[in-house]
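Asks: Once you have looked at the hints, place chain B on chain A.
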Amino acid sequence: MKHTWARPGFFLKVTKPLLPLSFAVMIILLCAGLYTGLVTSPPDFIQGDTMRIMYIHVPASWMALLVYGFLALMSLFAIVWRHPLAEVLAISAAPIGALFTALSLITGSLWGKPIWGAFWVWDARLTSVLVLLFLYAGYWALYKSFSHPEQGIRAASLLALVGVINLPIIKGSVEWWNTLHQPASVIKLSAPSIHSTMLTPLLLMAGAYFCYFVSMLLIRARTELNRRKLYVLEAKP
Amino acid sequence: MKPKHQRLFLICSALMGLGIAGSLVLVAFQDTLVFFYTPSDLLQKNISPQQRIRVGGLVDMDSPQQRGENVHFKITDQKETIMVSYHGILPDLFREGQGVVAEGYLMNPTHFQAESVLAKHDENYMPREVAEGLREQCK
Chain A
1 MKHTWARPGF FLKVTKPLLP LSFAVMIILL CAGLYTGLVT SPPDFIQGDT MRIMYIHVPA
61 SWMALLVYGF LALMSLFAIV WRHPLAEVLA ISAAPIGALF TALSLITGSL WGKPIWGAFW
121 VWDARLTSVL VLLFLYAGYW ALYKSFSHPE QGIRAASLLA LVGVINLPII KGSVEWWNTL
181 HQPASVIKLS APSIHSTMLT PLLLMAGAYF CYFVSMLLIR ARTELNRRKL YVLEAKP
Chain B
1 MKPKHQRLFL ICSALMGLGI AGSLVLVAFQ DTLVFFYTPS DLLQKNISPQ QRIRVGGLVD
61 MDSPQQRGEN VHFKITDQKE TIMVSYHGIL PDLFREGQGV VAEGYLMNPT HFQAESVLAK
121 HDENYMPREV AEGLREQCK
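Here the protein sequences come in this chain order: A and B.
Mapping the first sequence onto the working numbering, position 151 (from 1) lands on 151, and the numbers just tick up by one.
Mapping the second sequence onto the working numbering, position 81 (from 1) lands on 81, and the numbers just tick up by one.
Only chain B is shown next, with the shape it has when bound in the complex:
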């Protein structure tokens, strides 16, 4: 084997080993790599009220109730729903059906006290007229 073939073999095997090690690490840390839990995740996990976590999902239709800076709304992942209370200013994008991520504490299995709320947008981009056209078709 020529030296350059030796080097090529060495590098390829080293990178393969590194790739396998890396993917094992990522799979092992799956739980901590997520930015937020969905309401369904919360049911399966035992989360204490002292633990600061993030919950993400869609703002449930007709759920937001605003009184001054006190807001109550429901976050849903279409399977499970959780009630969220928040005191503060909501992001501009906040609306019914919009994706949001709330950070705070799970007071009890059905009630989440948020300290900050971030809006999440999806990968769909279109002009307003096209969006309205789509909405008409759906009706």
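Same shape as in the complex, but just chain A:
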């Protein structure tokens, strides 16, 4: 049958063993990432130990963008194919993405003060990431502002799709315009301009963040599916 893999019942069955697995992988990667990042990796030749903020700042920024991409894709499925599982995944992902974005802004600010000399500047990169946070917040506000959740999801999904335009702007901001924020060190066409001893903890942390996202997404989506089941059961006499 078509779409078997996307049926809520099938999803609940498959994700049951997946959840502890992703959680365990996250713990392992997090321990490895924190140990290599804080203990074994060397300090930077200019920034010294301050650059270790990178290990929590950069993966948070990557995930903020990745989760938004996921949110937009699920919103597309929700609008075009009206698939209930896509709706559930979208509303489960949004707060996690907002968390990553907030973490990225806060750690970036704490990094900016000692290195740049300012907590915040209105350059293109910082501003576009702040807009991303507002998009997440707007998505949630719109979803919650309808008395029927279905209508709320539809309206919020449209906002999520419109906001996709911000993703290339965030990525391109440091290339197209002069910014105080540095250009990309890892995700670019040429080889990463970061030494391998520093790249390793960065990628380990990125893996841990990703597994955190998967774990939280599964917990939230499963809860939402069960809540909907309960709602249907209660509605029936």
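These are calculated hints, taken from the structure and not from any lab test.
These figures come from a predicted structure and were not determined experimentally.
Just so you know, not all the hints are guaranteed correct.
Stated by the list, open to error - In silico EDC-like cross-links for lysine to aspartate or glutamate, where the CA-CA straight-line distance does not exceed 20 Å:
hint, chain 1, residue 1, chain 2, residue 2
1, A, K171, B, E123
2, B, K4, A, E150
3, A, K171, B, D31
4, A, K113, B, D122
5, A, K236, B, D122
6, A, K188, B, D122
7, A, K171, B, D122
8, A, K113, B, D92
9, A, K188, B, E123
10, A, K13, B, E103
11, A, K113, B, D31
Stated by the list, open to error - Just the calculated beta-carbon pair ranges, DEER-fashion:
hint, chain 1, residue 1, chain 2, residue 2, range
12, B, Q51, A, A24, 56 to 66 Å
13, B, A131, A, I219, 41 to 51 Å
14, A, A24, B, Q98, 20 to 30 Å
15, B, G68, A, A24, 55 to 65 Å
16, B, D31, A, A24, 45 to 55 Å
17, A, I219, B, Q98, 41 to 51 Å
18, B, D31, A, T40, 14 to 24 Å
19, B, M1, A, A118, 20 to 30 Å
20, B, D31, A, P149, 42 to 52 Å
21, A, T40, B, H5, 26 to 36 Å
22, B, D62, A, W140, 53 to 63 Å
23, A, Y35, B, Q66, 33 to 43 Å
24, A, R7, B, A131, 53 to 63 Å
25, B, Q98, A, K16, 47 to 57 Å
Think of the CB as a built atom: it goes at the ideal place given N, C-alpha and C, for glycine as much as any other residue.
Replies: Okay, now just chain B, sitting in the frame of chain A:
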């Protein structure tokens, strides 16, 4: 056409239109989206001494002269150079060859009075030993 195909077509065309509109806006506002001007930009633009602007580039080698909290240095983009005066505390990262962004007023085409100076770092990260090794090779 099924309703879902209609919706897909509608969304795709709307997003395409939005993308084109967005990129046109960004291209139109190119000048105001930059965080700072380079010394070369300053030559091409007519900037009045009343206008608060930012100038960015590298601190020219051997240029910083410090007397107490009064600092003079040159910002260069390898083509043009501008003299900067500043009174205050410099960021820790400030050194010769380092990227900096100064905010203040262009008094005349060759002299910039800064009210704040921010340090800018690039995308290169490496341990101290590797950096020293690279410097040895360059010599």
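Asks: Could you run down the list of hints and mark each one as holding or not?
Replies: Quick rundown of the hints versus the structure:
1. For the given pair, K171 of chain A sits about 14 Å from E123 of chain B by alpha-carbon distance, which is consistent with the 20 Å threshold.
2. For the proposed pair K4 of chain B and E150 of chain A, the alpha carbon gap of about 17 Å is at most 20 Å, so the pair holds.
3. With a C-alpha separation of about 19 Å, the suggested pair K171 of chain A and D31 of chain B falls inside the 20 Å cut-off, and the hint holds.
4. Of the pairs offered as hints, the one joining K113 of chain A and D122 of chain B holds, with about 16 Å between alpha carbons and a cut-off of 20 Å not exceeded.
5. Between the alpha carbons of K236 of chain A and D122 of chain B the distance comes to roughly 62 Å, so the proposed pair goes past 20 Å and is violated.
6. This hinted pair checks out: K188 of chain A and D122 of chain B have alpha carbons roughly 14 Å apart, not beyond 20 Å.
7. For a cut-off of 20 Å, the pair hint linking K171 of chain A to D122 of chain B stands: about 16 Å separates their Cα positions.
8. A distance of roughly 10 Å separates the Cα atoms of K113 of chain A and D92 of chain B; the hinted pair therefore holds under the 20 Å criterion.
9. Between K188 of chain A and E123 of chain B the CA atoms are separated by roughly 11 Å; this keeps the pair inside 20 Å, and the hint holds.
10. Using a Cα cut-off of 20 Å, the hinted pair K13 of chain A and E103 of chain B is violated, with the two alpha carbons roughly 59 Å apart.
11. For a cut-off of 20 Å, the pair hint linking K113 of chain A to D31 of chain B is broken: about 27 Å separates their Cα positions.
12. Between Q51 of chain B and A24 of chain A the C-beta distance comes to about 58 Å, which sits within the given range of 56 to 66 Å.
13. A hinted range of 41 to 51 Å holds for the C-beta pair A131 of chain B and I219 of chain A, which are about 44 Å apart.
14. Range check, A24 of chain A to Q98 of chain B: Cβ separation about 44 Å, and the 20 to 30 Å hint is violated.
15. For G68 of chain B paired with A24 of chain A, a C-beta distance near 59 Å keeps the hint of 55 to 65 Å intact.
16. Our hint of 45 to 55 Å for D31 of chain B and A24 of chain A holds, since their Cβ atoms are close to 52 Å apart.
17. For the pair I219 of chain A and Q98 of chain B, the supplied restraint of 41 to 51 Å holds, since their beta-carbon distance comes to about 46 Å.
18. Range check, D31 of chain B to T40 of chain A: about 46 Å between beta-carbon atoms, so the 14 to 24 Å window is missed.
19. Checked against the hint of 20 to 30 Å, the C-beta distance between M1 of chain B and A118 of chain A comes to roughly 54 Å, which is inconsistent with it.
20. For the pair D31 of chain B and P149 of chain A, the beta carbons lie near 45 Å from each other, so the given range of 42 to 52 Å is met.
21. About 55 Å separates the C-beta atoms of T40 of chain A and H5 of chain B, a value inconsistent with the hinted range of 26 to 36 Å.
22. Checked against the hint of 53 to 63 Å, the pair D62 of chain B and W140 of chain A passes, with Cβ atoms roughly 55 Å apart.
23. Between Y35 of chain A and Q66 of chain B the CB atoms are about 42 Å apart, so this pair conforms to the stated range of 33 to 43 Å.
24. For R7 of chain A and A131 of chain B, the hinted distance range of 53 to 63 Å is satisfied, since their beta carbons lie about 56 Å from each other.
25. In this structure the supplied range 47 to 57 Å holds for Q98 of chain B paired with K16 of chain A, their Cβ-Cβ distance being about 54 Å.
Violated hints, in rising order: 5, 10, 11, 14, 18, 19, 21; the structure is consistent with all others.
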